[in-house]
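Start from the sequences and build out the full structure, keeping to the hints where you can.
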Amino acid sequence: MKFLFVSFCTLLLVIEGFGQTPSFVSPVNIPLVLNGNFGEIRSNHFHAGIDIKTNGMTGLPVFSIADGVISRISVSATGYGKTLYIDHPSGYTSVYAHLDRFIPEIEKWVKEQQYLLQRFEVNLEPSPTLFRFSKGEQIAFSGNTGSSAGPHLHFEIRKTESQHPVNPLLLGFNIIDTSKPVVTGLFIYPLDDNSHVKSGNKKQKFALTLQNGVYRIKDLNEAIPVWGNIGFGIEATDYLDASWSKCGIFKLEIRVDSLLVNSFTIDELAYEKMRAMNSHIDYEEFVSTKRRIQKTYIEPGNRLDIYSNSVNSGIVNLSDGAKHRINISVFDVAMNRSEIVFWVQCTKPVVFPEKKYAAFFKFDRKNKFETDDVELVIPEEALYTDVKFTYKKLPKTVGIYSDLHQLHDNTVPLNNYAEVKIKATRLPEHLRHKAIICLTDAQGTPKTSLGGEYSFGWIKTETRNLGTMCIAVDTIAPRIKPLSFSEQNTLTEKNRIRFKITDNLSGVKTYNGFIDDTWVLFEYDAKSNTITYHFDEKIAPGKKHQLKLVIEDAKANKREYTASF
9 MKFLFVSFCT
19 LLLVIEGFGQ
29 TPSFVSPVNI
39 PLVLNGNFGE
49 IRSNHFHAGI
59 DIKTNGMTGL
69 PVFSIADGVI
79 SRISVSATGY
89 GKTLYIDHPS
99 GYTSVYAHLD
109 RFIPEIEKWV
119 KEQQYLLQRF
129 EVNLEPSPTL
139 FRFSKGEQIA
149 FSGNTGSSAG
159 PHLHFEIRKT
169 ESQHPVNPLL
179 LGFNIIDTSK
189 PVVTGLFIYP
199 LDDNSHVKSG
209 NKKQKFALTL
219 QNGVYRIKDL
229 NEAIPVWGNI
239 GFGIEATDYL
249 DASWSKCGIF
259 KLEIRVDSLL
269 VNSFTIDELA
279 YEKMRAMNSH
289 IDYEEFVSTK
299 RRIQKTYIEP
309 GNRLDIYSNS
319 VNSGIVNLSD
329 GAKHRINISV
339 FDVAMNRSEI
349 VFWVQCTKPV
359 VFPEKKYAAF
369 FKFDRKNKFE
379 TDDVELVIPE
389 EALYTDVKFT
399 YKKLPKTVGI
409 YSDLHQLHDN
419 TVPLNNYAEV
429 KIKATRLPEH
439 LRHKAIICLT
449 DAQGTPKTSL
459 GGEYSFGWIK
469 TETRNLGTMC
479 IAVDTIAPRI
489 KPLSFSEQNT
499 LTEKNRIRFK
509 ITDNLSGVKT
519 YNGFIDDTWV
529 LFEYDAKSNT
539 ITYHFDEKIA
549 PGKKHQLKLV
559 IEDAKANKRE
569 YTASF
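Numbering (the numbering used here), first residue to last: 9 to 573.
It should be emphasised that the hints constitute simulated quantities derived from the structure, not laboratory data. Be a bit skeptical, because a hint or two may be false.
As the list claims (entries may be wrong) - Restraint ranges, calculated between C-beta atoms of paired labels, are given here:
| id | residue 1 | residue 2 | range |
| --- | --- | --- | --- |
| 1 | Asn202 | Leu268 | 22 to 28 angstroms |
| 2 | Asn209 | Lys508 | 33 to 39 angstroms |
| 3 | Glu115 | Lys508 | 47 to 53 angstroms |
| 4 | Thr570 | Gly99 | 49 to 55 angstroms |
| 5 | Pro549 | Glu115 | 17 to 23 angstroms |
| 6 | Thr570 | Leu132 | 28 to 34 angstroms |
Being a predicted model, the structure only gives us computed values, none of them experimental. Beta carbons are placed, not taken as given, at the ideal position from N, Cα and C, and that holds for glycine.
This is the structure we're talking about:
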């Protein structure tokens with residue numbers, strides 16, 4: 009284990025061409041150790057900040073990194089949980105997420121707004137004169153709220169005007185990193201029907217081994233036979249000196265015979281383009297195995313701004329019969345570099361049998377597929393590349409109200425929502441308002457609700473996931489499990505009331521608690537399916553109270569729980 013520290017005094021930042029030179033302090037008063045860095049591959053997005061370890065605890069003080077005003081306060085059961093946004097005069101906004109709670113003056117104001125709106129989840133924009141803080145002044149306490157996998161502080165720096173996240177490690181937070189990235193896999197892709205790798209028209213995977221400081225293909229001392237338009241991908245991680253947590257790479261360059269054909273640098277991101285990360289990676293591999301393979305070529309529908317020096321979008325035409333040297337350089341933010349070197353040999357083309365498909369979808373236009381029973385409309389710019397779309401109708405299984413429609417598969421990502429409609433000929437009239445479209449598992453059992461509404465004989469919805477779909481109904485109310493009441497309905501906790509709430513299919517939509525017929529604030533933690541009311545001024549001491557909890561799912565199935573305490 010290596011050690012890493014960040015000074016808690018002023019960290020001088022020099023940002024060329026971006027206004028005045030700001031100086032930031034650390035958002036925590038413990039050594040700054042990371043378990044996640046900027047640009048890591050996450051589900052449907054790049055990680056837009058750094059994850060700061062909090063010693064496995066919640067409740068550590070969090071500080072404003074510079075003078076500024078709170079411009080936004082967000083409270084959510086998922087995502088960033090409890091979050092503060094502070095605008096600074098330098099033109100940057102700092103973001104502090106997964107907080108346990110805010111300092112009392114902010115906490116009081118937020119709670120007032122929640123009671124006013126009668127809603128736990130809020131997105132508030134206070135007046136710029138309401139909350140002003142000096143550099144190093146405490147603003148909150150670290151936590152584990154939202155979609156957090158454990159106690160930590162998610163910290164971002166954004167350009168205020170565009171709200172584009174920038175890499176904090178480029179702004180003076182001197183994280184010690186002396187280790188080179190570790191490269192664990194090489195992937196080679198034939199990119200059209202006339203291309204091949206090792207005489208096959210499917211991607212090939214290669215393990216790597218480190219030899220004399222350079223990564224080479226394991227157990228292979230000869231050139232790889234290829235032909236046609238070829239792309240490459242690598243699996244790489246980085247480690248910082250004070251942690252064994254896996255982090256992402258910062259920069260990549262690929263050269264063919266010393267010619268630079270593509271590079272990318274993850275120093276700034278745009279939220280409006282973030283989902284295109286699914287095109288940057290081998291999405292099929294991520295869905296199937298969770299491996300994070302970053303491509304060295306750019307699909308035509310990928311509009312990320314991270315690329316430069318691109319020749320033919322990084323697609324390499326290897327059809328000249330010659331032998332070529334491929335060199336891929338991988339860098340971390342400290343510019344430690346790892347090299348992958350291998351050779352490819354252009355061989356004679358191979359003729360492959362024609363693949364059957366139901367429709368050919370172009371990435372740059374609206375695409376539509378329809379039968380008598382199902383319709384799929386994918387809007388323009390929803391695909392990242394052309395797709396040979398496949399379809400199969402399978403017999404219905406027990407408990408569903410349509411055939412199974414295999415609309416391609418879940419390995420093709422969509423950038424925007426597509427519309428899906430399934431004919432509801434087998435759906436009884438009295439169940440129309442309870443019907444939804446679901447993705448199914450391999451056995452044809454409804455697994456994930458995509459929502460949906462009945463309209464003129466069809467159930468329709470929108471989705472950014474392809475796969476096997478069917479009509480199902482949700483007639484079952486959510487479940488409520490008391491965590492603070494005994495089987496005899498006796499309150500077992502002194503200062504709070506907790507419940508676990510779950511739903512079988514369409515998902516919990518609303519949750520409202522009332523004490524003596526007055527709405528009270530239950531905080532919802534979606535990852536644990538728990539809601540909690542912390543006793544406040546709504547509870548008069550020494551008095552008997554009546555509690556009512558009402559939970560409703562997305563198809564208006566409702567369950568109530570009542571108790572006295």
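Quiz prompt | Consistency of beta-carbon spacing, Leu268 to Asn202, with hint 22 to 28 angstroms | solution = Roughly 26 angstroms apart at Cβ, these two residues keep to the hinted range, so it holds.
Practice problem: Go ahead and decide if the range 28 to 34 angstroms is satisfied by the Cβ distance of Thr570 to Leu132. | Solution: At roughly 32 angstroms between Cβ atoms, Leu132 and Thr570 fall inside 28 to 34 angstroms, so the hint holds.
Quiz item: Is the hinted range of 17 to 23 angstroms satisfied by the C-beta distance from Pro549 to Glu115?
Solution: Cβ of Pro549 to Cβ of Glu115: about 22 angstroms, so the range 17 to 23 angstroms holds.
Exercise. May I ask you to test the hint 33 to 39 angstroms on the CB atoms belonging to Asn209 and Lys508?
Key: Given about 50 angstroms between the Cβ atoms, the range is violated.
Exercise. Using the beta carbons of Thr570 and Gly99, state whether their distance is inside 49 to 55 angstroms or not.
Key: holds, 53 angstroms
Quiz item: Honestly, do Glu115 and Lys508 meet the 47 to 53 angstroms range at C-beta?
Solution: violated, 25 angstroms
Hint compliance for this structure: hints 2 and 3 are not met, and every other hint is.
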